[in-house]
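Model the full structure from these sequences, guided by the hints.
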Amino acid sequence: MAEGIRDKVAILGMGCSRFGERWDCSAEDLMVESFAEALADAGIERDRIDAAWFGMSVDEHGLGKSALSLTTALRLPNIAATRVENMCASGTEALRGAVYGVASGAYDIALAMGVEKLKDTGYGGLPERTKGTFEDLWFPSVTAPGSFAQFASAYVARHGIDMDGLKEAMAHVSWKSHENGSRNPKAHLRARVSKEKILAAPMIAYPLGLYDCCGVSDGSACAIVTTPAIAERLGRTGPLVTVKSIQLALSNGSEVGYDNWDGSYALTTRLASERAYREAGIRDPRRELDLVEVHDCFSITELVTMEDLGLAEPGQGWRAVLDGTFDSSGEVPCNIDGGLKCFGHPIGATGLRMAYEIYQQLRGTAADRQLNAPRLGLTHNLGGYPNKNVCSVSIFGTC
1 MAEGIRDKVA
11 ILGMGCSRFG
21 ERWDCSAEDL
31 MVESFAEALA
41 DAGIERDRID
51 AAWFGMSVDE
61 HGLGKSALSL
71 TTALRLPNIA
81 ATRVENMCAS
91 GTEALRGAVY
101 GVASGAYDIA
111 LAMGVEKLKD
121 TGYGGLPERT
131 KGTFEDLWFP
141 SVTAPGSFAQ
151 FASAYVARHG
161 IDMDGLKEAM
171 AHVSWKSHEN
181 GSRNPKAHLR
191 ARVSKEKILA
201 APMIAYPLGL
211 YDCCGVSDGS
221 ACAIVTTPAI
231 AERLGRTGPL
241 VTVKSIQLAL
251 SNGSEVGYDN
261 WDGSYALTTR
271 LASERAYREA
281 GIRDPRRELD
291 LVEVHDCFSI
301 TELVTMEDLG
311 LAEPGQGWRA
321 VLDGTFDSSG
331 EVPCNIDGGL
341 KCFGHPIGAT
351 GLRMAYEIYQ
361 QLRGTAADRQ
371 LNAPRLGLTH
381 NLGGYPNKNV
391 CSVSIFGTC
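Each residue of the sequence shown is one higher than the last, beginning at 1 in full-length UniProt numbering.
It is possible that part of the hints are untrue.
To be verified - Derived DSBU-like pairs (lysine-lysine); straight-line CA-CA distance at most 35 Å:
no.: 1; residue 1: Lys65; residue 2: Lys388
no.: 2; residue 1: Lys119; residue 2: Lys388
no.: 3; residue 1: Lys8; residue 2: Lys65
no.: 4; residue 1: Lys388; residue 2: Lys8
no.: 5; residue 1: Lys119; residue 2: Lys65
In case anyone wonders, no lab produced these hints; they're calculated from the structure.
Since the structure is predicted, the reported quantities are computational estimates derived from the model, not experimental observations.
Here's what the structure looks like:
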């Protein structure tokens, strides 16, 4: 019986670029920026890295479809390197490859890198999938705001609540993220925004207004992982952050093929989190998790995710949001770094950016955002549409 990866892998170092409209930088520049921080944090020479995984989603950077751009930009020592892509979970997929490589015993030290420069593509939002592909044939003319707005309509219908009450909770989600992001020098959007301004913003896809949607950014994030034993031999000081679990769940068509899914939740998030909790030994996530980083591509997505992760009862997530449960001073702080709302969503980098914040918090190095001695954190990515997607859930903790 598979025993999983719990505590078999430690994070030796992490780095994260500043996210934003990085017109002055290439994707390679952004990779170097996050890698330099990770390498210095790990306290090793680059020649100690045995293998690398590279997450990137969009093919319009001129980087090609291999990992050659990674190995050449970082001058890695002719090691094995693999490019991975799994929609919005591409950064986490790179981390999963590096973690599994070390956990298997194949490598002592491995690198995970995620990068994206969406601003240079000219897209106002995430690019459409290639015309004529499986996704396009199933979902013609679908937009991200339009599809995720249906979360809200379905949630209201399922739980019998008033749309104005839900919109107030959604505004609180966005307000909270901007409050948190204002304290983060690496965030793209750092201005504080009032709830009144959020509620009065132009409508994008009812009921999602402008401030309910995350932005478009450039960015990169990086992790260097090894075994706990090697980390100790290398003289790692301070709390040692280990990987408790990385789990994925992908749609199989049931959400669009049958009537038993009502659109008010993400089935894959529920499945991936159940597996992650089981592997990490978590029985009561609301009591045991100290913070979470979730895929708040839209404010309604974060709200629904709180229920799907078991952090709020079904139909009560909006009340928990308004009660401040997920504020920085709440029971389970969510997106303490500002989330996608303030960082934007450079696809390949997002999952690793989330892990970077958890890592900083667990190490006690999050500066003005630092929580009080957290020991266990979770990251969550959701790529695709509510009815057809890939979800990743990762859990990290201190030994």
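These are the hints, each one checked on the structure:
A distance of roughly 24 Å separates the Cα atoms of Lys65 and Lys388; the hinted pair therefore holds under the 35 Å criterion. A distance of roughly 26 Å separates the Cα atoms of Lys119 and Lys388; the hinted pair therefore holds under the 35 Å criterion. For a cut-off of 35 Å, the pair hint linking Lys8 to Lys65 stands: about 31 Å separates their Cα positions. Between the alpha carbons of Lys388 and Lys8 the distance comes to roughly 32 Å, so the proposed pair stays at or under 35 Å and holds.
Under the criterion of a C-alpha separation no larger than 35 Å, the hint pairing Lys119 with Lys65 is consistent with the structure, at around 19 Å.
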